[in-house]
Amino acid sequence: MGKLGRIVLGAVGITLALGFLHAWLNLGFDPVRALGFGKKGIAEETRFRVGFLPVT
Amino acid sequence: MVGKGLYEPVRFNGFPEIKESLIAGYLPATFMLAPMAMALREQGVPIKIVYLGHRDGTALMVRKDSNIYTVGDLRGKRVAVPNRFANQYLLLRKALAQQGMTIDNVEMVEMPPPDMPAALYAKAVDGITSGEPFMAQTQLDGYGRVLYQAKDIWPGFISCVLVVSQKAIDEHPEWVQELVTGIARSGKWLEGGMDQRMAAAQAVATQYYNQDPRLLRFVLSTPPDRVTYSRLRLARHDFDEIAAMAFEAGVLKRRLAFEEYADPRFSETTADAAAYAWKGPLRPRG
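In the order they appear, the protein sequences are chains A and B.
Every position in the first sequence, counted from 1, becomes a number in the working numbering once 12 is added.
Every position in the second sequence, counted from 1, becomes a number in the working numbering once 84 is added.
These are calculated hints, taken from the structure and not from any lab test.
Positions of the beta carbon are idealized from the N, C-alpha and C atoms, including for glycine.
Be careful, since some hints might not be right.
Claimed, not checked - Pairwise CB distance ranges, derived in the manner of DEER restraints: (1) A/33 to B/100: 33 to 43 Å; (2) B/308 to A/42: 47 to 57 Å; (3) B/93 to A/42: 21 to 31 Å; (4) A/45 to B/100: 54 to 64 Å.
As the list claims (entries may be wrong) - Over the 10 Å line for every Cβ pair with chain A, so calculated as not near, a few chain B residues: (5) 114; (6) 152; (7) 156; (8) 192; (9) 283; (10) 308; (11) 309; (12) 347; (13) 357.
Throw the hints in and build the complete structure from the sequences for me.
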């Protein structure tokens with residue numbers, strides 16, 4: 013691979029990494045879970061919200 | 085204790101927000117005014133009432149220095165209710181009817197319960213009625229006087245009920261059952277004596293309501309039957325009465341059948357539920 017190829021490959025890699033980082037930090041996207049490496053958020057998915065007003 | 089486990093209590097400041105969260109699907113379950121739940125069901129929202137939150141626990145307060153001493157003295161006065169879908173509105177109509185009056189004999193205004201004490205203090209209204217502890221707050225602060233307690237007008241008064249989405253009932257009936265059974269066992273524990281009530285007041289005020297524990301201690305003890313946690317199972321005759329009164333008041337457009345808005349399956353199994361065996365004060369969040 014020539015020097016230009018390595019530069020292009022590195023640029024693509026950095027762009028992808030920054031894209032994932034942006035999606036993870038700002039868009040609620042979890043790349044680890046999306047790639048199938050992470051466990052599902054069991055606690056998050058099984059919470060049963062019960063609304064109440066602070067009156068009897 | 086708070087925020088752990090299957091159930092997550094979510095605190096709101098008004099019933100309209102609770103209603104919207106229920107419709108949007110954010111809340112699979114909530115405590116809500118009984119007539120409001122019926123009205124939502126009438127409008128086609130897929131929910132069911134599955135249990136009661138408590139009984140009684142409502143009063144109508146006037147200023148201590150006012151000249152209002154009987155319900156008849158409310159004629160021409162301005163009275164605040166949570167909204168027209170509240171059972172407190174039906175209770176006020178019932179109290180007025182017992183004196184040969186109608187709701188047209190008073191000036192009714194709708195107001196969120198947390199705003200009511202300040203409105204009474206500022207003389208913006210002559211009377212306020214909602215669930216506790218906001219009514220008791222005016223007593224503790226020295227300017228409110230009880231005109232009537234709900235139990236004096238409507239014995240076994242029902243205000244808030246536990247409402248669950250049909251989706252939750254269909255997909256996770258075991259969660260709904262666990263929730264209902266838990267409330268039943270908590271209610272029986274609370275009715276076990278004043279020590280339990282004081283411990284609950286401390287825990288609930290600091291961990292859930294963000295209020296002065298002294299206020300809830302007062303509500304749960306003065307008098308001891310100000311709020312009751314027994315007979316929480318769904319009783320058809322109670323709801324038939326509420327539905328009929330709501331229809332007469334124009335809150336409902338037709339007389340709903342009990343089966344349309346209630347699912348008593350979950351409450352039927354709580355008859356033999358034992359009280360929780362908690363001893364001593366509940367520990368605060370640590």
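Against the structure, the hints come out as follows:
1. A/33 to B/100: 33 to 43 Å: The hint (33 to 43 Å, Cβ to Cβ) holds, given that residue 33 of chain A and residue 100 of chain B are roughly 39 Å apart.
2. B/308 to A/42: 47 to 57 Å: With a Cβ separation near 51 Å, residue 308 of chain B and residue 42 of chain A satisfy 47 to 57 Å, so the hint holds.
3. B/93 to A/42: 21 to 31 Å: Since the Cβ atoms of residue 93 of chain B and residue 42 of chain A sit about 26 Å apart, the hinted range of 21 to 31 Å holds.
4. A/45 to B/100: 54 to 64 Å: This hint is violated: roughly 36 Å between Cβ atoms.
5. 114: 3 Å, violated
6. 152: At about 23 Å from chain A, residue 152 of chain B clears the 10 Å cut-off, so the statement holds.
7. 156: 27 Å, holds
8. 192: 19 Å, holds
9. 283: Its Cβ never comes within 10 Å of chain A, the nearest being 16 Å, so this holds.
10. 308: 14 Å, holds
11. 309: 13 Å, holds
12. 347: 16 Å, holds
13. 357: 18 Å, holds
In this structure, the hints that do not hold are numbers 4 and 5, in rising order.
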